[in-house]
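Novice: Residues per chain, in single letters:
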Amino acid sequence: MPRRSKASTSRAAIALVLLTLAGLAAVAFAADQDDTTGRVPYPVIAQGQGENCVEDTEFMRRNHMDLLLHQRDDTVFEGIRGKRHSLRECIDCHAVAGADSIPITVTSPEHFCRSCHDYAAVTIDCFQCHASRPEQDVVAEARK
Amino acid sequence: MNVKIHSPAPGKEFDPARRSFLSAAAAAAGVALAPGVFLYGVGAPGPAAARNLDEAVTSVVRWGMLIDTNRCESGCNECVTACGTENGLQGHGRPATDAQWIRKVDIRDPATGYSKSLPMMCQHCADPPCVDVCPTGASFKRADGIVLVDKHSCIGCRYCISACPYKARSFVHEALEDQKTHAPRGKGTVEGCTMCVHRVDEGREPACVEACNDTGGGAMLFGDLNDPKSEISKRVATYATQQIRADLGLDPGVRYRGL
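These protein sequence lines map, in sequence, to chains A and B. When we follow our numbering, the leftmost residue of the first sequence carries the number 4, and every step to the right adds one. When we follow our numbering, the leftmost residue of the second sequence carries the number -16, and every step to the right adds one.
Be aware that one or more of the hints could be misleading.
[Said to hold, decoys possible] So the derived list for chain A, only partly shown, Cβ under 8 Å to chain B, looks like this: (1) V79; (2) F80; (3) Q131; (4) C132; (5) H133.
[Claimed, not checked] Covered by chain A, per the in silico footprint, the following chain B stretches (three or more residues, Cβ under 8 Å): (6) 38 to 52; (7) 121 to 131; (8) 157 to 167.
Please keep in mind that the hints were generated in silico from the structure rather than gathered at the bench. Just so you know, even glycine gets a beta-carbon here, dropped at the ideal spot from N, CA and C.
My request is simple: use the sequences and hints to build the entire structure.
Specialist: Set out below in structure tokens:
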């Protein structure tokens, strides 16, 4: 085996790191594009209402569960009902309209929460108790 | 005749000076809290004082109800209907297991035939036995006296159902869908009257009280038992009222008049 110089080893290492980064970037790009046509399926994530979420999208992707857990205990035990990080706000803002323009429930794979959790194989039991779409009479009232 | 006199437990002697000091302190705290507290909702402020929804509830208030059974008609069911509508309680045609947060009870003295009708629901005890027996801490009393179930930690063991002397709790047997946003409920958990905590937090009164006053006999009154100026405090101070099964020493927050 030919002896390699120190410089060529480090050059190879840098190249390897660059290649890995490029690969990661491509994956991230594909995820942002919601590419469903490729070999790897990506979840179709519906756009929420308004300009932006209550927090940065990247932050929400990683930390929404902690925010919800925190808000949940504050609300149940102490009656703190600030709306910013409540499940109700998530549901209201990220409601996905079905074919009949009525918001779909979590029984549909296109549901905002479900599309991603299915993809990540995360089972959540929020919707055994909580409604998975905005209250229908409230929605009807708003449409009038 | 053997008359038993119940004296307070040692260390629990009633001290009027201490009580008046405490209420004065509470009044002072109320004044100090007033700036920065925004009025939630519009129209005339309800019996529930406006509270900053970003702050935790405190034991300065104790929510309670006074039910005047003289005004409660036997056939009237307005409170029960209103509760079902407000909290999305739909029956499955199985009275033995269907959710029942409030019910009408007709009582009759067999010796005289004297009868009364009254609504019965969670009595929001100061010392709730449901909280004592809960193995997970799911059954709890909020600082303002409202007894609730944290369904996130309820395992559905139903000890609380057995422990409650008022039969105030129900168990959800069926999978549910499209619950009310303000009243999440699901299969495998215990539930009961929440004193419409979502409305109380907004400064409104419970749905049953509202319905009783709108279309019923006007028998129900909701308010703060700790505030001597509240209507409920004035009435319980003026008229003879009683707690059901007061002998159990649970100090329910729901009082009845005319039983």
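Novice: Using 8 Å as the Cβ threshold, decide whether A/V79 counts as touching chain B.
Specialist: Holds. Min distance 5 Å.
Novice: So, as I understand it, the hint says A/C132 touches chain B; can you test that by seeing if any CB pair is closer than 8 Å?
Specialist: holds (3 Å)
Novice: Restraint: A/F80 near chain B, CB-CB cut 8 Å. Satisfied or not?
Specialist: Cβ of A/F80 sits 7 Å from chain B, so the hint holds.
Novice: Against chain A, does the region 121 to 131 of chain B show at least 3 residues with beta-carbon separation below 8 Å?
Specialist: holds (count 5)
Novice: Would the stated hint for A/Q131 survive a check requiring a Cβ distance to chain B of less than 8 Å?
Specialist: holds (4 Å)
Novice: Tell me whether the statement that chain A covers the region 38 to 52 of chain B is true, taking a Cβ distance below 8 Å and needing three residues at minimum.
Specialist: Answer holds; 3 residues pass the 8 Å Cβ test.
Novice: Please verify the coverage claim for the region 157 to 167 of chain B: does it have three or more residues whose C-beta sits within 8 Å of some C-beta in chain A?
Specialist: holds (count 8)
Novice: Mind checking the CB of A/H133 against every CB in chain B and telling me if the closest is under 8 Å?
Specialist: holds (5 Å)
Comparing the model with each earlier hint shows no violations; every hint is respected.
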